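Chain residues, written in single-letter form:
2 protein chains.
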Amino acid sequence: MGTDDLLKQVAFIKEIDKLKYIKRRTKLFKSDRHENDAEHSWHLAMMTLVLAGHSDKPIDVLKVLKMVLIHDLVEIDAGDTFIYDVSKNHTNTDEERLAAKRIFGLLPEAQANDLIAIWEEFEKGVTDDAKFARAMDRFEPLLQNKSNNGGTWTEFNVDYQKVYDKKKAIKEGSTSIWTYAEKLLNESVEEGILRKEVHPEKTYLK
Amino acid sequence: MGTDDLLKQVAFIKEIDKLKYIKRRTKLFKSDRHENDAEHSWHLAMMTLVLAGHSDKPIDVLKVLKMVLIHDLVEIDAGDTFIYDVSKNHTNTDEERLAAKRIFGLLPEAQANDLIAIWEEFEKGVTDDAKFARAMDRFEPLLQNKSNNGGTWTEFNVDYQKVYDKKKAIKEGSTSIWTYAEKLLNESVEEGILRKEVHPEKTYLK
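Sequence lines, in order, name chains A and B. Its first residue numbered 4, the first sequence is counted upward by one per residue in this note's numbering. Its first residue numbered 4, the second sequence is counted upward by one per residue in this note's numbering.
Don't take each hint at face value.
[As the list claims (entries may be wrong)] Calculated cross-link-like contacts (lysine-lysine; reagent style DSSO-like; alpha-carbon spacing at most 27 Å): (1) K11(B) - K17(A); (2) K11(B) - K11(A); (3) K11(A) - K127(B); (4) K26(B) - K26(A); (5) K33(A) - K66(A); (6) K33(B) - K127(B); (7) K21(B) - K11(A); (8) K33(B) - K17(B); (9) K26(A) - K30(B); (10) K60(A) - K60(B); (11) K199(A) - K186(A); (12) K26(A) - K21(B); (13) K17(A) - K33(B); (14) K30(A) - K170(B); (15) K17(B) - K186(A); (16) K11(B) - K30(B); (17) K17(B) - K66(A); (18) K33(B) - K11(A); (19) K186(B) - K165(A); (20) K174(B) - K17(A); (21) K174(A) - K11(B); (22) K171(B) - K104(B); (23) K171(B) - K30(A); (24) K33(B) - K33(A); (25) K169(A) - K17(B); (26) K127(A) - K60(A); (27) K66(B) - K11(A); (28) K170(A) - K127(B); (29) K26(B) - K21(A).
Everything labelled a hint here was simulated from the structure, so no lab data went into it. Note that this is a predicted model, so its numbers are computed, not measured.
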């Protein structure tokens, strides 16, 4: 790689610093402090490292790490979308595609194309690697909300079925993690930090 | 992997959340906000992904990613040591070894031993993988300080030679990144954000 490549890579390295300012709805464990996207991405990478052995299918750990490290970079331009916000499209919006093109486009072309392809693979969630990466992305906030007396579930009045429907993506990646996750959801209902009843007339965000 | 393993891994995943509270001396790019260790670890992982092609020797990118993702976990117990603090030992203190044993020790035994070995390899800095990982760890704060009118160099009155001596570890991993890093250091002297003169009587931390 030459100097031209390095200058482009340094421009990218500086630009992605902005991920540290993007706040998520979820909070740190047993905490009132919101997590930011960079911290979240690091945590998913750590979870991938220690939980990879629970994947039902063989996975390419390096590929999954790339996915979780970069999966939220588009939010630098497109912002964080809350998973229980019913008013928003959650899959690969035009805005996110433009963001991917601009941000990864700072890199040398081959590298940009490679990372955009990995991001698209994560978003589609079809391959075994993407399924495991997405399982990590669903599992972390479950653990956080459980530790925070329901966290965003209580804060935004989300019911069990809505949570269940989002969390079952974990099952696509790992049966053993899903068994544990389901147990945590049931415990949360018993503890009164996740409500079982459905009130369809309620929206999840004002 | 069984349920017992998963419970241990979840305990570890919760424990390492504490890395997000450990503040570094350096600040985010063009910012007054201190970086925390989790954000820093994520940034080094991203740098590894995009800069691996600049390594002088073949490296195992997955291994290097593991190194940079876990390299600061011991600071959960041992705290951050400022690189220009001459009063402190910077290599693998007893306190850090105890921290590694406790924190990685939350994991299933084989996994704990594996990660402790990777952390020790990073700390020793002898292998090509460790040299590249350490180059990333030196390069990020250089870019940050350059963007922050000298950052910790001016804040703690550190001179060029001291900085140079720390930064030359970059050369061990990548000649091309080092060439660029040296240029940035020289520019910093010219811009007056890194002082050339040595005042040996001065300490770097009060």
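Evaluation of the provided hints:
no.: 1; hint: K11(B) - K17(A); result: violated, 36 Å
no.: 2; hint: K11(B) - K11(A); result: violated, 42 Å
no.: 3; hint: K11(A) - K127(B); result: violated, 31 Å
no.: 4; hint: K26(B) - K26(A); result: holds, 18 Å
no.: 5; hint: K33(A) - K66(A); result: violated, 31 Å
no.: 6; hint: K33(B) - K127(B); result: violated, 32 Å
no.: 7; hint: K21(B) - K11(A); result: violated, 33 Å
no.: 8; hint: K33(B) - K17(B); result: violated, 31 Å
no.: 9; hint: K26(A) - K30(B); result: holds, 18 Å
no.: 10; hint: K60(A) - K60(B); result: violated, 33 Å
no.: 11; hint: K199(A) - K186(A); result: holds, 14 Å
no.: 12; hint: K26(A) - K21(B); result: holds, 17 Å
no.: 13; hint: K17(A) - K33(B); result: holds, 10 Å
no.: 14; hint: K30(A) - K170(B); result: violated, 36 Å
no.: 15; hint: K17(B) - K186(A); result: holds, 17 Å
no.: 16; hint: K11(B) - K30(B); result: violated, 34 Å
no.: 17; hint: K17(B) - K66(A); result: holds, 24 Å
no.: 18; hint: K33(B) - K11(A); result: holds, 18 Å
no.: 19; hint: K186(B) - K165(A); result: violated, 54 Å
no.: 20; hint: K174(B) - K17(A); result: holds, 21 Å
no.: 21; hint: K174(A) - K11(B); result: holds, 20 Å
no.: 22; hint: K171(B) - K104(B); result: violated, 30 Å
no.: 23; hint: K171(B) - K30(A); result: violated, 39 Å
no.: 24; hint: K33(B) - K33(A); result: violated, 31 Å
no.: 25; hint: K169(A) - K17(B); result: holds, 21 Å
no.: 26; hint: K127(A) - K60(A); result: holds, 17 Å
no.: 27; hint: K66(B) - K11(A); result: holds, 25 Å
no.: 28; hint: K170(A) - K127(B); result: violated, 41 Å
no.: 29; hint: K26(B) - K21(A); result: holds, 17 Å
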